[in-house]
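Colleague: Full structure from sequences and hints, please.
Those protein sequence lines, which keep their order, are chains A and B.
Read in order, the letters of the first sequence are residues 1 to 350 in our numbering.
Read in order, the letters of the second sequence are residues 1 to 270 in our numbering.
Honestly, the hints are just simulated from the structure, not real lab data.
We treat Cβ as the ideally placed atom computed from N, Cα and C, and that holds for glycine.
Be careful, since some hints might not be right.
As the list claims (entries may be wrong) - Derived coverage of chain A by chain B (criterion: at least 3 residues anywhere in the stretch with Cβ under 8 Å from a Cβ of chain B; other residues may be distant):
{"no.": "1", "stretch": "16-30"}
{"no.": "2", "stretch": "204-211"}
{"no.": "3", "stretch": "230-236"}
{"no.": "4", "stretch": "280-294"}
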Amino acid sequence: MTTLTEAPSTIEVVTTGRARRARRRWLVHVGLALAVLAVFWLSLMLGRTYYPASDVIAVILGGDVDGASFTVGTLRLPRAVTGLLVGFAFGLAGATFQTMLRNPLASPDVIGISSGASAAAVIGILVLNLSPTAVSAMATAAALVTAFAIYLLSYKQGGVANTRLILIGIGIAAMLSSVVSYVLSGAAAWDMQVAMRWLTGNLNGATYERTLPLVIAVVLLAPVLLWLLRDLEAMRLGDQTAAALGVPVERTRVLLIVVAVALMAFATAAAGPIAFVAFLSGPIAARILGPVGSPVLASGLFGALLVLVADFFAQYALGTRFPVGVITGALGAPFLVYLLVRSNRSGGSL
Amino acid sequence: MSHAHTLRAEQLSLGYGERSVVENLDLSIPPERITVVVGANACGKSTILKAMSRLLPARHGAVLLDGKAIHEIPTKQVARTLGLLPQSPIAPEGISVSDLVGRGRHPHQGMLSRWTADDDAAVARALDVTGTADLADRAVDELSGGQRQRVWVAMVLAQQTELLLLDEPTTFLDVTHQVEVLDLLTDLNRDFGTTIVMVLHDLNLAARYADHLVAIKGGRLYAAGAPSDVLTETCVRDVFGLDNMVVPDPTTGKPLVLPLGRHHVATAAR
Numbered sequence: 001m002t003t004l005t006e007a008p009s010t011i012e013v014v015t016t017g018r019a020r021r022a023r024r025r026w027l028v029h030v031g032l033a034l035a036v037l038a039v040f041w042l043s044l045m046l047g048r049t050y051y052p053a054s055d056v057i058a059v060i061l062g063g064d065v066d067g068a069s070f071t072v073g074t075l076r077l078p079r080a081v082t083g084l085l086v087g088f089a090f091g092l093a094g095a096t097f098q099t100m101l102r103n104p105l106a107s108p109d110v111i112g113i114s115s116g117a118s119a120a121a122v123i124g125i126l127v128l129n130l131s132p133t134a135v136s137a138m139a140t141a142a143a144l145v146t147a148f149a150i151y152l153l154s155y156k157q158g159g160v161a162n163t164r165l166i167l168i169g170i171g172i173a174a175m176l177s178s179v180v181s182y183v184l185s186g187a188a189a190w191d192m193q194v195a196m197r198w199l200t201g202n203l204n205g206a207t208y209e210r211t212l213p214l215v216i217a218v219v220l221l222a223p224v225l226l227w228l229l230r231d232l233e234a235m236r237l238g239d240q241t242a243a244a245l246g247v248p249v250e251r252t253r254v255l256l257i258v259v260a261v262a263l264m265a266f267a268t269a270a271a272g273p274i275a276f277v278a279f280l281s282g283p284i285a286a287r288i289l290g291p292v293g294s295p296v297l298a299s300g301l302f303g304a305l306l307v308l309v310a311d312f313f314a315q316y317a318l319g320t321r322f323p324v325g326v327i328t329g330a331l332g333a334p335f336l337v338y339l340l341v342r343s344n345r346s347g348g349s350l
Numbered sequence: 001m002s003h004a005h006t007l008r009a010e011q012l013s014l015g016y017g018e019r020s021v022v023e024n025l026d027l028s029i030p031p032e033r034i035t036v037v038v039g040a041n042a043c044g045k046s047t048i049l050k051a052m053s054r055l056l057p058a059r060h061g062a063v064l065l066d067g068k069a070i071h072e073i074p075t076k077q078v079a080r081t082l083g084l085l086p087q088s089p090i091a092p093e094g095i096s097v098s099d100l101v102g103r104g105r106h107p108h109q110g111m112l113s114r115w116t117a118d119d120d121a122a123v124a125r126a127l128d129v130t131g132t133a134d135l136a137d138r139a140v141d142e143l144s145g146g147q148r149q150r151v152w153v154a155m156v157l158a159q160q161t162e163l164l165l166l167d168e169p170t171t172f173l174d175v176t177h178q179v180e181v182l183d184l185l186t187d188l189n190r191d192f193g194t195t196i197v198m199v200l201h202d203l204n205l206a207a208r209y210a211d212h213l214v215a216i217k218g219g220r221l222y223a224a225g226a227p228s229d230v231l232t233e234t235c236v237r238d239v240f241g242l243d244n245m246v247v248p249d250p251t252t253g254k255p256l257v258l259p260l261g262r263h264h265v266a267t268a269a270r
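Modeller: Shown next as structure tokens:
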């Protein structure tokens with residue numbers, strides 16, 4: 001533009017700025033969703049045996065294709081569906097906690113909520129010899145109880161102090177993992193296989209029955225969470241500012257915790273605590289999205305992408321089949337260190 | 001402006017946990033005026049402001065907005081009438097100025113009804129009034145302290161409330177920026193009839209900018225009225241425990257407080 005233009009009026013600046021942010025939000029979400037679908041589709045086609053898209057479509061439509069019906073229909077499809085939903089749930093729950101507590105360390109897998117689920121599951125399997133369904137139910141209940149305990153312990157007059165909540169959560173996580181180690185040390189070797197799934201997170205042997213509760217949880221809870229995001233965005237400005245803007249802060253916070261923990265717990269029951277997915281997805285999604293709005297939905301999509309890609313990698317890229325949690329754990333640990341170093345450099349408390 | 005909103009505290013007692021902070025406070029905020037609350041540290045100024053904006057429940061008594069107990073009015077309705085700028089609001093990392101100011105529109109939007117042209121207009125007006133329009137696309141975290149404070153004021157302005165409560169809006173600002181923010185608030189009051197209540201630390205700026213000065217001592221009302229009636233040597237000594245001398249400000253005629261420390265002061269002044 002070489003013509004002399006008048007400076008835009010304030011209202012124009014405001015409208016174009018808002019349109020730009022909306023466009024970016026749209027692009028990032030659609031882009032992530034397409035990437036998830038692409039990886040989901042590829043994971044049905046690729047593997048030890050390659051099946052062309054036409055076979056995969058035939059199997060999904062209920063047709064009988066020699067070989068593909070078993071490999072795609074019974075093995076790959078439930079596995080991919082579970083991976084997608086587990087990643088989505090972890091991503092949503094992680095980013096909700098991180099945004100609400102304004103701290104990337106405040107993810108439910110760092111502050112002990114996943115450990116609560118794991119400890120209960122290990123006790124259920126090894127000590128009480130419960131059925132898989134009962135173990136899932138117990139793990140979900142334990143995650144909610146753990147979250148509630150952390151919340152109560154960190155409650156002070158006038159609300160919950162964030163740093164306090166994180167430190168108490170990390171303490172409780174350590175306590176619960178020692179419970180897990182104690183139970184494992186006395187376990188018979190054949191039970192260990194089952195119990196290990198609760199420690200690293202694994203999509204092996206994913207079935208529709210085991211995933212069904214998670215499907216229901218995501219369908220019911222994700223909309224509630226998305227509905228709460230507007231108030232959560234206001235709470236990022238601080239509790240007092242949010243309250244002054246008309247947000248019922250304490251009520252919204254309790255609702256957010258219950259919904260996020262339930263998503264987390266159902267996902268953990270379906271595939272075990274896949275290490276660091278909840279923790280990694282939020283900050284990375286926020287980085288991709290930029291400061292244009294709530295990172296929670298983008299984090300859910302990124303979580304789904306992360307689990308699908310990591311699981312594919314864990315199955316085929318390394319010679320032996322690893323549980324997916326090994327890959328995400330290997331990615332997450334350095335990231336945790338990076339965050340700690342960065343918060344230390346910037347002089348921030350936690 | 002025939003029916004300006006009224007705000008007052010009646011027999012108000014406040015506290016945290018076991019500790020009682022404010023007792024039996026009766027305080028009436030004159031509509032369409034600037035009220036400044038002063039008092040020593042930890043005397044309960046901020047606590048009073050929190051209660052007045054229903055962030056803190058009353059132990060006894062009540063805060064009445066337009067004659068109704070503020071805790072019984074739906075939060076959204078309160079948020080459309082009364083805005084509050086707390087002492088340390090948090091700007092999300094990287095957020096742009098116009099985005100942050102837009103957050104002030106929260107109480108005007110429902111869960112389903114989204115952004116409207118009214119919202120854009122309110123944000124643009126808030127940016128213009130606070131002189132932050134040319135910062136609209138900048139990130140809040142790269143602004144200077146004074147600019148940032150004006151942006152926060154713009155955020156509460158976008159809320160378009162007739163009552164505005166500010167908790168120490170001038171802390172961390174140098175004297176130029178303090179005067180700038182106070183001038184801006186005075187403009188709002190004069191041009192739009194906004195009722196302003198703020199806590200200030202600087203007594204001389206308080207005396208200059210207040211129409212109505214409220215002195216709080218130990219959680220109780222010590223005095224309230226025109227600055228020249230309230231800000232006397234006795235008042236400053238009682239409220240702050242400070243030996244002082246009050247002279248007329250040569251530029252405004254309002255009271256000017258000169259502290260008398262232990263050093264540097266001629267004996268005649270004591």
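Colleague: A separate judgement is required for each hint: does it hold in the structure or not?
Modeller: Evaluation of the provided hints:
no., hint, result
1, 16-30, "holds (count 3)"
2, 204-211, "violated (count 0)"
3, 230-236, "holds (count 4)"
4, 280-294, "holds (count 3)"
Taken one by one, the earlier hints fail for this structure only at number 2.
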